[in-house]
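Given only the sequences and the hints, what does the whole structure look like? Please build it.
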Amino acid sequence: MTEFQASEPAGSEICRVLDELLRSPKSVAERTRAAGDLRPLFLAALGALLLGAGIFGATLATSRGGAQLLYSGVKLPFALLATLLLVVPAFHAISAGLGRPLGFSSMVALMLAAAGRGALVLIALSPVIWLCFDRGLGYHPGVLLASVCYALSGLAALEVVLRGIGFDLRGLVIVSVFGLVVFATGGQTAWMMRPFLGRPSAQHVPFLRHRESSFVDALAQSARSSLGIYPMERALKRASDRTPRSAGDSDESR
Amino acid sequence: MNLGDLAVLYGLAGSLSGALVFRATRGSRLSALGSAALAVPLWPLWLPVILSSRAAEITAPRTPTTEAEAALLEGHEAVRNTPLEPLLPRAAVDRLLRELRRATERYAELTHLLAKKGFDRGAAEERVQRLEQRGASARTLASARLHLENVDRLRSLCARDKRALDELSELIAALRTQLVFARYSGSSPGEASDIVTEVWARVEMLGTSSDASPFGFELPTIDPTTCHPPSTS
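For the record, the sequence lines run as chains A and B. At position 150 of the first sequence the residue is numbered 149 (numbering that gives the first Met the number 0), and the sequence of numbers has no breaks. At position 50 of the second sequence the residue is numbered 49 (numbering that gives the first Met the number 0), and the sequence of numbers has no breaks.
Hints in this document: simulated from the structure, not taken from any laboratory. Among the clues, some could well be false.
[As the list claims (entries may be wrong)] Which residues of chain A face chain B? A partial, calculated answer using Cβ under 7 angstroms: (1) GLY35; (2) LEU84; (3) SER104.
[Stated by the list, open to error] Distance condition first, Cα-Cα at most 27 angstroms in a straight line; then the derived BS3-like pairs of lysine-lysine: (4) B/LYS116 <-> B/LYS161; (5) B/LYS115 <-> B/LYS161; (6) B/LYS116 <-> A/LYS25; (7) B/LYS115 <-> A/LYS25.
[Stated by the list, open to error] To give a feel for the contact side, a few chain B residues facing chain A, derived at Cβ under 8 angstroms: (8) PRO43; (9) SER51; (10) ALA55.
Virtual Cβ for every residue (Gly too), placed ideally from N, Cα, C.
Below, the structure is given as structure tokens:
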């Protein structure tokens, strides 16, 4: 019989992974690449994601309060998980296509670990959001502040992904291409799950808004607005331009 | 196909995955149920992980604990439904397995603890030497020495547990072959009976060392107001 070696109990293994998620993205990335038991990592990262995104979602909704707290606390983790479900196969394909193949289960673990780390950063940023809303931060600056928080948590997640794929030029290309997929998919998923903040002026809080346009349409519209081109104004101007001419036409026809 | 149709298909695949995971999960019914419940909504993520983990379990070299567990179960299988069964009944096997796992967990915790920076013997020794050279106060030096002694005690505890588990694993392996031999040769179960007695004695010893104070004596309670143990005068 071989020499006795220690194997860690499951509970403490999960706690150790949580600790690693925060302190050592390198060892988390190595863990995902090693062909071992990925269940503790999966469970720890999933727990971090649900808790982190839930707390951050509920904190975002403090600007509106009431039922929105519960809605956002449920919807944000759901949006993140739905995005992960959709993008992991794409990441697997991109990574393999660009010469860095990784097992599918390793890819799942890597993505979930990255999302879990990002969610833990969101927990850390929640008090800032809470304080700002408590001090009277408005809706639009609030949206901007939330975007900054997402960007910071995204950076924390990016470190895990890059260490898993490889911190070199090829790794950067893979992550950049994948970033486009995540941006489009995550953006559309979050767009469909709106509202997360809830407008203070709204009389009642809907769980989901009625379906209208898409994330890309909204982006295009925002880009035009930032250039001073407002579609509604333009349409009204066109309408007002047409009205006298058509009246004149009818006069002439008479 | 709209979102509703997709959701139905997704749910159907999730239910099938849940059933598959429930059947494939070894261990307690509760953990199998939990695993299956996780597979229903998250099957695209959970299914690859659980299947690859199972494959890793199958291909991984068996640890001595799992070998000892397997040996115990094989020993019981060898005597099941024979006159030798009272030597190693199922209830006894279950209790032995429980004790073995408990001792293994304790050893794993100790090993994990001793791998941490704060429990490094070399660093503790170096610190005592540094304090001695620096001419630190007697109390500081005494605390540093106590830390070093405690690390030594923990290390010896860990080594003792390892030795006990190694010996028990060997003994269980011998018990298995003895029971198999007794079954096929029809010989007297005397020797196997001796081994069973020895196994129980060692398991009791493991249990005692797990329950006892790790220092061999009761630690004094600390007074929270003064942060000192109560005076013995």
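Status of each hint after checking the structure:
1. GLY35: Hint holds; A/GLY35 Cβ to chain B Cβ min 5 angstroms, cut 7 angstroms.
2. LEU84: This interface hint holds because 5 angstroms falls under the 7 angstroms limit.
3. SER104: Since chain B brings a Cβ to about 4 angstroms from A/SER104, closer than 7 angstroms, the hint holds.
4. B/LYS116 <-> B/LYS161: holds (21 angstroms)
5. B/LYS115 <-> B/LYS161: Within the cut-off at roughly 18 angstroms; holds.
6. B/LYS116 <-> A/LYS25: Cα-Cα ~19 angstroms, so holds.
7. B/LYS115 <-> A/LYS25: holds (18 angstroms)
8. PRO43: Check passed: Cβ of B/PRO43 comes within 5 angstroms of chain A, closer than 8 angstroms.
9. SER51: Where the cut-off is 8 angstroms and the nearest Cβ of chain A is about 4 angstroms from B/SER51, the hint holds.
10. ALA55: Since the shortest Cβ distance to chain A is 5 angstroms, the answer is holds.
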